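From just these sequences and the hints, can you work out the full model?
Residues in the sequence shown are numbered consecutively from 1, following the working numbering.
No lab work stands behind these hints, which were simulated from the structure alone. Here the structure is a predicted model, which is why all the values come from computation and not from measurement. Every residue, glycine too, gets a C-beta built ideally from N, C-alpha and C. Hints are supplied without guarantee of correctness; some may be wrong.
Simulated pairs of lysine to any residue, SDA-like, Cα-Cα distance not exceeding 20 Å [claimed, not checked]:
1) 269 x 225
2) 150 x 69
3) 216 x 286
4) 112 x 149
Here are the computed distance ranges between Cβ atoms for each label pair [said to hold, decoys possible]:
5) 93 x 146: 31 to 39 Å
6) 119 x 261: 39 to 47 Å
7) 93 x 47: 20 to 28 Å
8) 142 x 7: 43 to 51 Å
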Amino acid sequence: MQRIGFNHFYTCMDGPMAKPGSSRGSCVTAIIHFEKDISFLFPYINAVADEAELHENPNLVRFVFDKVYCVVYPERCIASPLDDREHATAFREKLMEFLNGILDKKNDIIPKFKVFQKIAVTDILKLLPKTNCGKCGLKSCMAFAAMVSKQRVQPSKCPYVGLPINEQVTYPVRDNDGNLVSSVTLNIDTSNQSNKIHETNKIHEKNVPMPALNRKDHPANLSLPSALTQRELEVLSGIGLGQTNREISQQLHISPHTVKSHVVNIFNKLGVSHRTQAVVWAARHQII
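In structure tokens form, the structure reads like this:
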């Protein structure tokens, strides 16, 4: 396949792509005009480039290469920040080599057709427990929501996000020679699959005996104004397994009404209002 070349290259000072708050006194932006339309390469760039974002309107792919922020349109690339024209020229050669390397290995790369779609952080926060438990690996739910909004992490990294209702899958359409010519995106209803997974988990959880918790003397428990009793710790363990009050009652051989009373007592002692908060507290203090 004919290699990607360029026919125009120029630079300008103080490019508009410089990041806000940058310590640079000035920066250089490079504009590279390609010899041909390279939009066919966008899904492959999207698959291998760092921090890649594929956009449909306008048609472009954003990514970071060699610590430089690149926006590639079908027939040109804008790159910034660069130190000076010499740096820009050297970067141009590296970028062209990078793009041609993707072109050469195109048949070995699984293209990524997923289009970047930024979602408001406030909307993502609605899915989260807002307890800043840190189980996702980030310090706060706000930080996690921001990373999900940028598509840097998957929502499933938070253990308290529910199963999806539906998903989109994209299938490649190839010609007789095996070359990719287009793709077909379908909405997949995952509710049945999610229900099956949930039911499987419930069956598994029913068969998992509750751990024999002897943590009444745990420092975190003793620090409470009123410590949890051994039975309340056992009920809390069942909540941690995702069991319902009825399932906990069957496991502990007590009535559902008694379980409900224990749950209310747990909430009051921990100062929480729902089961997720109780589990987060217990997990954070290694009670369960």
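To see whether the hints hold, each was checked on the structure:
1. 269 x 225: 7 Å, holds
2. 150 x 69: 15 Å, holds
3. 216 x 286: 12 Å, holds
4. 112 x 149: Holds: residue 112 and residue 149 sit about 18 Å apart, inside 20 Å.
5. 93 x 146: 31 to 39 Å: Holds: the Cβ-Cβ distance is about 35 Å, inside 31 to 39 Å.
6. 119 x 261: 39 to 47 Å: 41 Å, holds
7. 93 x 47: 20 to 28 Å: Between residue 93 and residue 47, where Cβ atoms are some 23 Å apart, the hint holds.
8. 142 x 7: 43 to 51 Å: Cβ of residue 142 to Cβ of residue 7: about 46 Å, so the range 43 to 51 Å holds.
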